[in-house]
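Colleague: Chain by chain, the residues:
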Amino acid sequence: MGKLGVVIRREYLERVRSRWFAFATILGPLFFGGVSIGQIVLASHAAVSADASHIIVIDATGTGLGKRIVDNLGAGVSMDTSKATLEAVPRDQLDSAEARALTDVMHAKYEGYLVLDAATLAGTAAVYNGRNASALQDIDHVRDVVRDAVLTERLVSAGLDPAQIRSLTKVPLQLHTERVTEHGLGGTGMSGALFGYMVAILLYITIVVYGQSIVRGVSDEKASRVSEVVVASAPPDTLLAGKILGVGGVAITQQLIWVFASAAIVFFRAPILRALGASETANIPLPGSISVAGGIELVLIFLLGFFFYAALFAAIGATVESQEDAQQASLPVTMLLVLSVMFVGPVFLAPTSMLSRVVSWIPFSAPIMMPLRLSLIQVPLIEIIGTIAGLAIANLIAIWFAARVYRVGILMYGKRRSFGEIIRWVRIS
Amino acid sequence: MNDLAVDIRGVQKGFDGHTAVKDLSLAVPRGSVYGLLGPNGAGKTTTIRMILNVIVPDQGTISVLGRPNGDTAVTDRIGYLPEERGLYRKMRVRRVLRFLGELKGMNRRDVDRRIDEWLARLNLTEWDEKKVDELSRGMQQKVQFIGTLLHDPELVILDEPFSGLDPINAQALNDTVLELRQRGRTVIFSTHLMDNAERLCDSVCIIAKGTKVLDGPVAQVRAENAGRTIALALMNGTSEAVSKILADKTLIDRVDNSNKTLELELAANASAKRLLEQLVGAGADITRFEIVQPSLHKIFLQRVGAVGVAEGMSGHG
Chain C
5 MGKLGVVIRR EYLERVRSRW FAFATILGPL FFGGVSIGQI VLASHAAVSA
55 DASHIIVIDA TGTGLGKRIV DNLGAGVSMD TSKATLEAVP RDQLDSAEAR
105 ALTDVMHAKY EGYLVLDAAT LAGTAAVYNG RNASALQDID HVRDVVRDAV
155 LTERLVSAGL DPAQIRSLTK VPLQLHTERV TEHGLGGTGM SGALFGYMVA
205 ILLYITIVVY GQSIVRGVSD EKASRVSEVV VASAPPDTLL AGKILGVGGV
255 AITQQLIWVF ASAAIVFFRA PILRALGASE TANIPLPGSI SVAGGIELVL
305 IFLLGFFFYA ALFAAIGATV ESQEDAQQAS LPVTMLLVLS VMFVGPVFLA
355 PTSMLSRVVS WIPFSAPIMM PLRLSLIQVP LIEIIGTIAG LAIANLIAIW
405 FAARVYRVGI LMYGKRRSFG EIIRWVRIS
Chain L
21 MNDLAVDIRG VQKGFDGHTA VKDLSLAVPR GSVYGLLGPN GAGKTTTIRM
71 ILNVIVPDQG TISVLGRPNG DTAVTDRIGY LPEERGLYRK MRVRRVLRFL
121 GELKGMNRRD VDRRIDEWLA RLNLTEWDEK KVDELSRGMQ QKVQFIGTLL
171 HDPELVILDE PFSGLDPINA QALNDTVLEL RQRGRTVIFS THLMDNAERL
221 CDSVCIIAKG TKVLDGPVAQ VRAENAGRTI ALALMNGTSE AVSKILADKT
271 LIDRVDNSNK TLELELAANA SAKRLLEQLV GAGADITRFE IVQPSLHKIF
321 LQRVGAVGVA EGMSGHG
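Chains as they are written, first to last, in my numbering: chain C, 5 to 433; chain L, 21 to 337.
FYI, nobody ran anything at the bench for these hints, they're computed from the structure. You may find that some hints are simply not true.
Residues from chain C that keep clear of chain L, each with C-beta distances beyond 10 Å, as calculated [unchecked claim]:
#1 16
#2 38
#3 109
#4 171
#5 236
#6 237
#7 238
#8 274
#9 275
#10 331
#11 345
#12 368
Output of the computed footprint for chain L on chain C, the stretches with three or more beta carbons under 8 Å from beta carbons of chain L [what the hints assert, rightly or not]:
#13 226–232
#14 376–383
For clarity, every value in this text was computed on a predicted model and none was experimentally measured. Don't be surprised by glycine CBs; every beta carbon is placed ideally from N, CA and C.
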């Protein structure tokens, strides 16, 4: 085995054997699998909370509007059979009824109270005051019920039969969405989006976590003076390359374990979902239409991005000796990554926009943005090639820069170095 | 085959406008123990790092074991113990030694066999599965030393090997260095402890402020620097006539009469012969008149002078 192989093996095995690796590797799939399944369980249990029916409906319209609302409020998504309390009052007693209701809500006897008056009947306004006034789903549900009831009330006034109204106004429309690629239809849009989002976050976490691991590794070697022993046996460039490749190998190993474990969780989701009381057929965000070629592109872009950042992190590690300095010094590079993540939202919403294209070309953000776009849409081949070529060039520059800083830095002990000094190292080495 | 283990010619190295090593040339014969002596900051570590190709000289050439330094074939035949010891603290002893051995091109089987031998020899066998940071400082030093010699290098470079060693470990190091010489290995070590250098070295090079002050075999260095110090013993103490001669500044620079034997430092243009003639002429009853070969410590103080002392030099430290 050559010297590079020896260095790679040490970097790889020492990390894979650590307790931290085992911990993170087990937690990863539990976390991602848990998030997927948890979403479904939460969605099926708590689409609209029962709070929406635990309210007082004060009806000062003198019509059957209040009763109609009370009848419909309880039959929400949660199939709650409890009913809201109806209080029909003449218009002149509305204020005192409101005051009583307010006291009851303040004493937590009810969640809130809904006031129906002439304005409600006219379809312009209703008042809802409650402890849950900021729960958007509850409020939407109340508003929908009031609007339907007002509509029904008007239609009844116009002489229509209530049964006929129900059948005419019930439109249980579901919008089925599917992605269009150059091969035709492929995968549901929503599952691709969630998958893409998870890929972007996963890549971001991996680069940050393993980048920091490289900074720590290099600065530790420097502080403990091991680097001097090692560079007397192998060239610094070999040491640098071995470190980046070894740590990259650890990241890939961990992700492979995560992918297979997550796939296993998804494969065995039926019993898990059943045990948690959710529908087995619920929609788990699956990659759907990621092809083999797409997978290779994704891995290649990620690896190039990882090596790019890893080289920068290694250079930073070579300039510091203490962990505190390491944290501070790596901040600029970490900020580049955080900046990239700020674009996840915009790219997620409009993956074909000019902004999305630009951020998936810039080497700093490309390793996260391009995989995200690849998961969301069919990215033109020329753009993929452009990104890969850009990252490859950026890698050459970063590795050239890092090798020079590393060579000088690991033997320079003492105070933390200024940026100007580091540039001088690059020139002299 | 070239009979020099290390051949340094006209080497210069500067950092940030400060010259660490200036026009240095030295030759280390194969199979010898060579001392690189000098005060702190003299350029010893820089010189060693240049021999190892860890840093590159601005000028000059260095060849090691007959090849340009930095040649991979040469790197694997050198064992290096840096001044500030360095091991991976979280690694187990056997794994860190295996890593160091394999980095020198050894295969797994050989490296494990040699680790077993060395651990047994230094009483560390039961520690081989412990992490480095669980070991005492002394044990870590031993592990580092094993790492240096594991691949049985032809050239062993030890940077300040005696610093921080207790007397027992210092003796063990002494014995190991002598054993290496017996087996035909070359050992270069830097030190500012002159006693150690005098006891162990065949040849030395004294450097100060990045410049070579002198070099050569120890016996030759001492002989070349002899002739200025004279040990004088008189049967009946100093008579008035003798005292007058000893006070003559054209003849004697300095008299140290702290012992029964007087130590005289000859003046610049005086000779031992003239001094002896005058003493005999004055009727001195001489029991001993000897041109003393000075110790390395003394030579060092003479040649490097007060600057070296001020910069942390010590003959006995």
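Colleague: Each hint needs a verdict: does it hold in this structure or not?
Modeller: Cross-check of the supplied hints:
1. Against the 10 Å criterion, residue 16 of chain C stays outside the reach of chain L, whose nearest CB is about 12 Å from its own CB.
2. For residue 38 of chain C, the shortest C-beta to C-beta distance to chain L comes to about 31 Å, beyond the 10 Å cut-off, and the non-interface label holds.
3. The non-interface label for residue 109 of chain C is consistent with chain L: the shortest C-beta to C-beta separation is roughly 60 Å, beyond 10 Å.
4. Against chain L, the non-interface label of residue 171 of chain C holds: every CB pair exceeds 10 Å, the least being about 73 Å.
5. The claim that residue 236 of chain C lies off the interface is violated: its Cβ sits roughly 4 Å from the closest Cβ of chain L, which falls inside the 10 Å cut-off.
6. Its closest Cβ contact with chain L, about 4 Å, brings residue 237 of chain C to no more than 10 Å, contrary to its assignment away from the interface.
7. Residue 238 of chain C, annotated as away from the interface, has a beta carbon of chain L within 10 Å; the closest lies near 6 Å.
8. Distance check on residue 274 of chain C: its Cβ is at least 43 Å (rounded) from any Cβ of chain L, clearing the 10 Å threshold; non-interface status holds.
9. Non-interface status of residue 275 of chain C relative to chain L is upheld: no Cβ of that chain comes within 10 Å, the nearest being about 41 Å off.
10. Residue 331 of chain C, annotated as away from the interface, keeps every beta carbon of chain L farther than 10 Å; the closest lies near 19 Å.
11. Its beta-carbon lying about 31 Å from the closest one in chain L, residue 345 of chain C satisfies the requirement of being farther than 10 Å from that chain.
12. Every C-beta of chain L lies more than 10 Å from that of residue 368 of chain C, the closest at about 32 Å, which supports listing it as non-interface.
13. Coverage of the segment 226–232 of chain C by chain L holds [criterion: at least 3 residues with CB-CB distance below 8 Å; count 5].
14. Figure legend: the segment 376–383 of chain C, annotated as covered by chain L; annotation inconsistent (0 residues with Cβ-Cβ distances under 8 Å, at least 3 required).
In terms of the numbered hints stated before, the structure departs from hints 5, 6, 7 and 14, listed from lowest to highest.
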